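Trainee: From first to last, the protein sequence lines stand for chains A and B. Counting from 1, one number per residue, gives the positions in the first sequence under this note's numbering. Counting from 1001, one number per residue, gives the positions in the second sequence under this note's numbering.
Everything hinted at is true.
Stretches of chain A that chain B covers, calculated by requiring three or more beta carbons in the stretch to come under 8 Å of a beta carbon on chain B:
no.	segment
1	8 to 14
2	22 to 33
3	39 to 49
4	109 to 117
In case anyone wonders, no lab produced these hints; they're calculated from the structure. Note that the structure is predicted; figures quoted are calculated from it, not measured. Cβ atoms here follow ideal geometry from the backbone N, Cα and C, with glycine treated the same way.
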Amino acid sequence: MANKNDNWLYTISPKQKLIDLNLKEIWYYKDLLLLFVKRNVITVYKQTILGPLWYFIQPLFTSVIFTLIFNNMANIPTGDGVPSFLFNLAGITCWNYFKECLTGTSNTFSQNQGLFGKVYFPRVIVPLSVVLTNLVKYGIQILVFIGFYIYYAFFTDKAGGASPKSAIIFIPMLIFFMGILGLGLGMIISSMTIKYRDLKFLISFGVQLLMYGSAVMYPLSFFKEKLPNISWVVEYNPMTTIIEAFRYMTLGVGDYSLPKMVYTALFSIVVFLLGLIIFNKTEKSFIDTI
Amino acid sequence: MEKDIILKVENLSKQYRLGLVGTGTLGHDLNRWWSKIRGKEDPYLKIGESNDRSRKGESEYVWALKDINFDVERGEVVGIIGKNGAGKSTLLKILSKVTGPTTGEIKTKGRIASLLEVGTGFHPEMTGKENVFLNGAILGMTKKEIQSKLKEIVEFSGCERYIDTPVKRYSSGMTVRLAFAVAAHLDPDILVVDEVLAVGDAEFQKKAIGKMQDISNSQGRTVLFVSHNMAAVKSLCTRAIVLQHGKTVFEGETHKAVDFYLKSDEANTQAHYINKKPNKSSDILEVSMRDDQNNICGLFGFEEQIILQVKLKVSQDIVEYGSVGFRIRDQFERVVFSSEIDLHQFIKKDGNYIANVKFPKAVLLPSEYRVIIGYHVPNKEKIRSLFDVVDFKIEETGTIFHKYQGVDFGCVMLDCKWSMNSVKN
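Same shape as in the complex, but just chain B:
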């Protein structure tokens, strides 16, 4: 069966100029114009480097996107994942025609509607109903279309009572509901969605995700979904693309893509510590976070094996009385748990050792954690304590709490035994 490709992205690149746009631009403009009339290539298109934010680059120009290629078939729900600054938003902006690409092109067989934000163009002075029409028209609906869906939209939003009141009197939640209701009733061939689902209360988010699922499943619509929320990507998307520094680094099945994203090297800068000036006698030499394949890794899925590895140098006098231990702190500096061992339980003589600590699986809730390590003779001598020496992140990959955002559930998931019995009353 031939594939029905609805959207084709070919060699798409986008260049940005860094620094202040102001002084010097006129000079660059003239230079550009001069090479244009001589029939030469744009001199600034040749330069530019990949968009690695943490390194100081040599050029003023960077490629926010570089040679992106992918196809989307009709009815597919494609997730686009990547870290901040990987180029997701730029790709979305080009897809939704907000900005043009520098080179390359996108071909499409259907109308694209984009939801980079809900409630674009809402005017506070106008009533809810007037705003539904205005917002709908901005998103590309005709008046007739909106008229025919008005009842549904109002019902979905749950703002019926306020529909003839100016939007400025709405609570912010109501505004978002109304805005999403309009967006949810768009009827494009291809829907491009940014992380708009990260708004509203839990009930509404559930509704929103449900609506998205509905759109893609029953109505066979093509959806491009950009998100940090791995749980949402996993539950919605049939395929995913991982972007890194403006390049596609992975394309394929959703769960593989999510795994790839979690494993990608980028986050690991803080997952490995090497002591550059260790003491002669005893010291901590290295600390790292590792996955079950012993690769250094700072990003884990909720159910994945997390290993803390510590390389120690132990001198003979420490072997008998020394202890090594760690504490895990969350982002609010709360200590989540600690663990410690006496060295003599494990080793009998001096030397260099590697200690592997396997954390219990599926206990730490998705969040960011830091590790404090102490190497000491209890109550006597502190050999080395390292605060926040490495850190790691547990990504939301579908815990029961993934539906909620910004709610503190503590740090650990304990295996509580629930039971339920029916009662007569």
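Just chain A, same shape as in the assembly:
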């Protein structure tokens, strides 16, 4: 008998490694990942009149409101020759992507307990599919941003000071780090909410508060000038770096430096790995505790 023990395909046991991420298995379930993305995209706006138009409406209206309140009323400067509307649209588009990755993944376990309780597949597929779904949405919103950019640049003379920098080729990296940061945080929160449901309440208003600390509707430089004592809060927020860098790459205004980018990249990777570890630990037994 002993000689036959080597060729077991796999073993189900209570012991687990710190990171037990079976990439081969995830690859096997790639079709499921894509089907989940498809499901998320096509079912969200089923039986709505405007359908996918909602993808455009949300950021546009928010930008208009932000422009009215923060720029026209509160006179927050957005840089010379950069239309406030574009400035806000850039910030909101990025922030939305991060926010939806975070909130979308943070309820993975509680939303899918019916599914997870009945059938096994690598659980990480679900949060991954959320991030990918949001990427589709983000892609559409970027198109809107580009559309308005073109309008301002070629059909008005208001965008004289805005010009993309060559660093624009690094935008995919920004998106990547935003994605894994939101995913990592989301996975941590979803794992913790199983036992400590308080976090569910924290997340909904915490995300809103975080937006104000992420330089979405103001430039970092302006914050530093007005509130130098607490500006470190905003400065060390990796989302600030990403949004500022995004505006630097596309509009030419913003704070962009290599050390900060490295810091943000490391921060995101650490959060992501941490999220993965906690998520992995949780997925095996969560069905007993939820």
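Here the structure of chain A is known, so what remains is to put chain B in place on it, guided by the hints.
Mentor: Same frame as chain A, but now just chain B:
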């Protein structure tokens, strides 16, 4: 010939914590963590008791499964039977990797697909076809596999006309058909099936059982089948395992396992009544349901001998005029039949007596029954009447009606004489 073992379960145990998960868990977590960094064993793993639901336990922790061991050979169809709470579902959940074991391990040489439910992950807004793909992928099929079987699946489900309609417009039966069709076309090495067959109409159930038989017989697939339906277990499985309080109590041939399950002590709590304060003169002392070996038993197979035993105390003045009788009621409180005797036909003097009543075999249909006993002098004196004093259950072990669920066929099977002649027209 060496056995080709495809699945090996070794010392598998699973512990659950009872009560509310909430207050106190942080304390337990810290305690656990503290013993972990000191390199000690988890303090809560030592405690815990067997999972007997009816008794109030001392510990907050119970073992839903305790030291389960068994092997499954390739191509076998193994039934797992046991009462509610015996640990069947927990075992299934661990096998299908929905939850992890506390200790022990399962080794396997093939891919396991589990069917704890049909239609997992169906989205009401998506069309039938889209759901076939999604559900198939959730169950572990690749897109290519599903694509190649799509036609078969749709045909099997019988929903061809609706395949491009959102599932929310389907009748519930259609949804189940479509879902089962996907599941039936899974191609794993080991298939783990819960009582999914208990859905759908009779025609569909027949189809489902047929498909299961097909899978195991012709395709040589290994199947683990969990069910309460003894008839299905008997017809499908080559071997069966009986679980009780989270432990394996029997493992072996299906019919022996089914017999063992029916005979197991657990159900007998209601099959025996002892009168603790009998009257001095005449009374019913004990009532019990017995099998043909005179063992107390509350669970019978359809064709088994059922015996009602009554212990009586008879005083001299009752001997001449007294009667004892019983009524059998079903779960809807309908009286199925009654029987009564006059004591003087059997006994001539006072004393304690045991009356054995043999029920006719293969008459009561599978269901639950209760017994009412009366001991009296007719129209004159009621000595003792006991309502629902004992109850017993007849398990479905393969009557002609086992194919149907939830249909009322009455309570008795009568030996009707059928004949059929061919006619020309």
